[in-house]
Amino acid sequence: MVDALQIQVNGQPRDCWSGSTVGDLLRELEITTERVAVELNLEILDRKDFELRNLKQGDRVEILSFIGGGSLAGDGKGTN
Amino acid sequence: MYDDRLVIAGREFKSRLWVGTGKYKDFAETRKAIEVSGADVVTVAVRRVNITDRSKENLLDFIDPKKYTILPNTAGCYTVEDAVRYARLARAAGVSDLVKLEVLGDEKTLFPDTAGLIEAAKILIKEGFIVLPYTNDDPIVAKKLVDIGCPAVMPLAAPIGSGLGIRNPYNLKIIMETVKVPIIVDAGVGTASDAALAMEYGADAVLMNTAIAGAKDPIAMAEAMKYAVHAGRLAYKAGRIPRKLYATASSPIEGML
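Chains A and B supply the protein sequences, listed in that same order. Under our numbering, the first residue of the first sequence carries the number -3, and numbering increases by one thereafter. Under our numbering, the first residue of the second sequence carries the number 211, and numbering increases by one thereafter.
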């Protein structure tokens, strides 16, 4: 039997299977690995490590990409 | 005019108008405004991917990184640690080593925290980043930024999004005389004349977002800004006449009745 893990992705709780990698998570979220950055427990991952890094219970994953912005952008609060 | 290229850290830029990509109605408008502006450098921010709604379109599907230089910023960062973290994330997301570095001091003015800016710039330059710092109109800070290895400086004209135009033209002029790297006037431009003026003073480029995106007709303003920056640059190169208190006739007196 495969165990389920609880992780946090972009601040939200999420379940994933034990043994799954960061690459698996990205595919599950339908995120193409091009032009995203992934931080695993505050460590920025190399793209080539996405398939090598296994997720563990309690891991905090941040997935970031580019959005429209001048300054202080993204939330509509202000740009330059 | 296109022989008059801007070169920063060995990279050549055709356009002296750089634009931000925030605050537009949608991506189609963003793309159109950028196209019309003629800008070849566009700034973007780094944020969490929306994982709950994957139907959302991606900005870089609309702005081709092969056609434009994508300049990620560290907008919204108030500490050295945050700014460095966002710069590293931007690089990891795979565009380039370029970063428009912002370390903001306060939410009301969005003025740069220049002490933090210098500290963050040092860290990033050591890591191989090409740091373009968003800074105050302070010549001493500009010089320090250049001394630590910034290949250009980006002093503000006025607070971000304020549209006040150039608040301190004399400081900008001193910066232009003090440092030997390109000066990109960043933030605070309100309308075309502000951009033209910045270029007439001798700025090497102007970066703006709100002045275009916030205009009633952003596409028309994008076009106005293109001409303003171009005209200002031409006027600067042409060399303006000195200001004098009294008139000088332009028609000869000789031959009059």
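Hints were generated in silico from the structure; no laboratory data involved. Among the hints, erroneous ones may be present.
As the list claims (entries may be wrong) - Calculated pairs, EDC-like style, for lysine to aspartate or glutamate (alpha carbon to alpha carbon, straight line, at most 20 Å):
1. K44/A with E433/B
2. K277/B with E30/A
3. K276/B with E39/A
4. K336/B with E39/A
Going through the hints against the structure:
The suggested pairing of K44/A with E433/B is violated, with an alpha-carbon distance near 42 Å, which exceeds 20 Å. About 17 Å separates the Cα atoms of K277/B and E30/A, which keeps this hinted pair within 20 Å; it holds. Our distance criterion of 20 Å between C-alpha atoms is broken by K276/B and E39/A, whose separation comes to about 29 Å. About 19 Å separates the Cα atoms of K336/B and E39/A, which keeps this hinted pair within 20 Å; it holds.
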